[in-house]
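*Asks:* From first to last, the protein sequence lines are chains Y and X.
Numbering-wise, our numbering puts 214 at position 214 of the first sequence, and it's gapless, one number per residue.
For our numbering, add 221 to where a residue sits in the second sequence, where the first one is 1.
To be clear, the hints were calculated from the coordinates, so they are not data collected in a lab.
You may find that some hints are simply not true.
To be verified - Simulated crosslink set (BS3-like; lysine-lysine; CA at most 25 Å straight-line):
1. X:Lys289 - X:Lys264
2. X:Lys289 - Y:Lys85
3. Y:Lys91 - X:Lys289
4. X:Lys311 - Y:Lys212
5. X:Lys325 - Y:Lys91
Keep in mind it's a predicted model, so treat the numbers as computed, not measured.
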Amino acid sequence: MKHSLAAIACAALLFAGQPAMAKPIAFQNGWTAMAEYGAGTMTEAQSYYAPQYWYSIGGGHLRIDADDGAFSRDISYVRTNALLKRWNLPKAQANIFAFGGLGRAESSDVPGSDTVGQAGLQADYETLRVYVSAKTEFHHATTFDHRIDTLQAGFAPYPHRYDGIATWLIGQARTYTGGIYSGVEGALLLRFFGARRWGSVWFEAGPTFDGKLQSMVMFNF
Amino acid sequence: MLKTLAALTLSLVATLASAEANQSITMQVDGLVCAFCAQGIEKKLGALQASDGVYVNLEHGVVAMGLKPAQDVPDAELKGTLTDAGYTVKSISRSAAPLAEIKKAHAQ
Numbered sequence: 001m002k003h004s005l006a007a008i009a010c011a012a013l014l015f016a017g018q019p020a021m022a023k024p025i026a027f028q029n030g031w032t033a034m035a036e037y038g039a040g041t042m043t044e045a046q047s048y049y050a051p052q053y054w055y056s057i058g059g060g061h062l063r064i065d066a067d068d069g070a071f072s073r074d075i076s077y078v079r080t081n082a083l084l085k086r087w088n089l090p091k092a093q094a095n096i097f098a099f100g101g102l103g104r105a106e107s108s109d110v111p112g113s114d115t116v117g118q119a120g121l122q123a124d125y126e127t128l129r130v131y132v133s134a135k136t137e138f139h140h141a142t143t144f145d146h147r148i149d150t151l152q153a154g155f156a157p158y159p160h161r162y163d164g165i166a167t168w169l170i171g172q173a174r175t176y177t178g179g180i181y182s183g184v185e186g187a188l189l190l191r192f193f194g195a196r197r198w199g200s201v202w203f204e205a206g207p208t209f210d211g212k213l214q215s216m217v218m219f220n221f
Numbered sequence: 222m223l224k225t226l227a228a229l230t231l232s233l234v235a236t237l238a239s240a241e242a243n244q245s246i247t248m249q250v251d252g253l254v255c256a257f258c259a260q261g262i263e264k265k266l267g268a269l270q271a272s273d274g275v276y277v278n279l280e281h282g283v284v285a286m287g288l289k290p291a292q293d294v295p296d297a298e299l300k301g302t303l304t305d306a307g308y309t310v311k312s313i314s315r316s317a318a319p320l321a322e323i324k325k326a327h328a329q
């Protein structure tokens, strides 16, 4: 199934014609703050500052709860995000991001705390009407390894204006390794975002296929 | 010597007259597809001393900036500003039309 998800992500990106998720870098001298509630399986809060448009530094906290109740895991980390490549096209933009960081983890099934390293890749392609993104994130500690893969694809019913509200319908598929969740966690999301003078707001929410809430809020300023 | 001085004077007068006449700058920009991400453009251009307002049109890939009276911004600075915001400038043009007219034209 993991291989299937990766294959779907690759196919989607190829179909899009160019080498996707909320971006971890806003703009030069911009701050990003985001929080995600991932259907009770993962909950994460992050904040970054971007000295340049191509990198940002910051940190966050990730909470993992295994679907069978076997363990929960709390990871606090510092992280750097880098824009590896951007394609600015006449009616589209595509990006590839990489990120890495270090942190401390505490698991309910292991006594004490452990140093954890994280690394990941994210790719996205978007026009005013189509959006595709794929993200993989790996965590390694001496007591555990896990990976979270997320694929999103969506469309906008209308092309949004800069000073208007953007509306997107997004399908999301997510897999976890390391005994966190078995199968693919699918969700249908409604996304809104808009830019104002003081900053930008992004909000998305919707149900997973097993009836749980998947949601995210993000601010750029 | 006299001819050179006259040419320089004419060139200076032409530049000043042109700067006075131009009320806005319009840029065709690639990669302009997301209001959430393009906010950096408005912040950066809006911070320029010569700036008298910024207009972003995602559908037409257009960024326009109003100019304060008798002020201008060199193309290299505009390109650098947009590049630092993460976008690619394809063309730059100046107009005697005020920013409000540029907005109106692209809104139609």
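*Asks:* Now tell me, hint by hint, if it's right for this structure.
*Replies:* Here is how each hint holds up against the structure:
Our distance criterion of 25 Å between C-alpha atoms is met by Lys289 of chain X and Lys264 of chain X, whose separation comes to about 17 Å. Pair hint Lys289 of chain X plus Lys85 of chain Y does not hold up; C-alpha atoms about 36 Å apart against a cutoff of 25 Å. The hinted pair formed by Lys91 of chain Y and Lys289 of chain X fails the criterion: a straight-line CA distance of about 30 Å is larger than 25 Å. Distance hint between Lys311 of chain X and Lys212 of chain Y is unfulfilled; the C-alpha atoms sit about 46 Å from each other, more than 25 Å.
Pair hint Lys325 of chain X plus Lys91 of chain Y holds up; C-alpha atoms about 21 Å apart against a cutoff of 25 Å.
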